[in-house]
Amino acid sequence: MTYSYSDKCSTVKNVGNFWRLLFIWKASVYKILWVDLSIFLFLYYSMGLAYNFLLEKRAKLLFELICYYCASQMSFIPLSFVLGFYVTNVISRWETQFRALPVVDYIAIDVSAGISGKDDQSRLMRRTIIRYVNASFIMLMMVICSPVRKRFPSFDHLVVAGILFDSEKKALEIIHDKMPTYNIYWVPLIWAINIVCNGRQQNNIKSDLQAIEIVRKISAFRAECGLLLTYDWISIPLIYTQVVTLAVYTFFLAAILGRQVLEQKTDQPIDIYFPIDIYFPIFTILQFMFYMGWLKVAEILVNPFGDDDDDFEINWVIDRNIQMGYAIVDEVHLHIPEMVKDYFWDLIIPDILPYTHEEDVKHEQAPAVLDPKQATYDTDSTIRSKGDPKRSIVPVYSTGVNFVLPTYGNIETYWQSLFSSNFFTGKKSILDKYYEEKESKKLKKESFDDIQFNRFLLESKIEFEDIPVIKQDDEV
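In the working numbering, the protein residues as written are 300 to 775.
Any given hint might turn out to be false.
Said to hold, decoys possible - Mimicking PhoX-like on lysine-lysine, the simulated pairs with C-alpha atoms at most 20 Å apart in a straight line are: (1) Lys417 <-> Lys505; (2) Lys477 <-> Lys449; (3) Lys595 <-> Lys330; (4) Lys595 <-> Lys325; (5) Lys325 <-> Lys307.
Calculated directly from the structure, the hints in this document are not laboratory data.
Model the full structure from these sequences, guided by the hints.
See below:
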């Protein structure tokens with residue numbers, strides 16, 4: 300269902316990179332709008348044919364008055380504002396629901412680390428925990444996702460699929476009968492937590508911290524499932540959806556009359572008519588595609604657990620969670636390699652890794668950093684950053700690139716953080732030496748002078764190897 304086109308626009312080198320996307324049918328605006336556009340054009344041309352061939356003179360005059368009225372009143376519908384605000388809210392909800400889609404990887408990794416034994420009991424515990432977690436997710440999706448509901452209409456289908464056993468299905472049915480109005484997707488998670496507690500008591504889990512971490516991951520999984528259930532329960536207010544729908548459809552119902560090409564009148568200037576629109580309303584159709592397409596975006600994203608082309612592939616997520624979960628807690632334990640010295644053991648720090656094709660090698664400039672061995676200090680500079688006197692630009696590259704020190708109130712606090720007595724263990728602070736020199740020269744100590752301090756650094760021949768590297772992207 301979900302259509303991905305990222306690989307088709309991975310580079311901007313090709314001319315018209317996005318133009319190629321306009322010729323894709325699946326999940327396209329054409330596929331979504333062709334029915335609505337066909338109805339709109341049918342009504343538009345029906346009105347035009349009736350006006351030109353069926354109506355008498357007095358009826359034509361009345362029709363023209365109605366058309367003029369619709370054309371003059373269409374601008375009073377705040378379509379862009381209403382649609383923009385609505386679609387923004389819908390996309391925000393859609394993104395939150397996507398981020399809340401739970402995966403079993405985190406639980407499986409913690410279970411694999413906490414219950415690391417290779418005996419049958421440890422393996423059974425790991426696999427059962429993952430099976431219960433997956434069963435919980437499927438039970439939730441049976442309620443909020445129509446494709447999953449078609450795939451697993453009842454608990455019996457979960458038994459057939461191997462997710463539940465008959466005894467577990469009966470236990471769920473008993474609980475459901477006692478609470479028929481509530482979703483019980485959380486019950487298998489309680490079973491999984493019970494296995495973790497028993498595993499700690501039986502020493503299959505070696506420490507309390509490991510058991511607590513597994514329980515925390517299961518609880519986080521339940522929280523994500525609960526968030527999805529809440530979004531399914533609490534929708535965008537119906538009145539808002541109705542307002543947006545009425546605004547869009549009212550606008551284009553008015554456009555059917557307001558955009559008609561009427562007969563030329565002698566008292567009207569001829570240049571207000573565009574003959575190209577007599578047979579095909581080009582810009583009206585474009586406007587229809589933009590605004591109606593905007594509304595269709597909201598219709599698709601308001602419930603991403605449906606059957607549309609851009610809805611979430613929940614059935615794929617279910618299969619992926621099952622296979623990935625079992626692989627992490629079971630299969631990987633059977634194929635753990637021995638530790639060996641890596642290829643760069645003697646080099647310690649390896650060089651850049653090779654490329655398959657020489658033409659792929661790009662000599663890109665590395666992120667700018669201040670190399671202490673290449674750094675110089677502008678002793679005469681009084682430049683300030685962005686007009687803020689508290690943001691000094693002092694260290695510079697030998698190439699002349701200025702660097703901003705953003706996180707400190709001024710240069711004094713910056714150097715205090717670098718050259719405090721704690722930084723150079725057993726040595727006096729550089730600032731202390733600086734102030735001692737100022738006192739010996741009878742200079743004022745109240746004010747800190749950037750230029751004087753820079754001169755002091757150069758005259759003192761400070762080892763730049765001891766100055767930490769400053770990154771250019773530290774600016775806020």
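(request) Would you pick out the hints that fail for this structure and give their numbers low to high? (result) Structure breaks hint 2 only.
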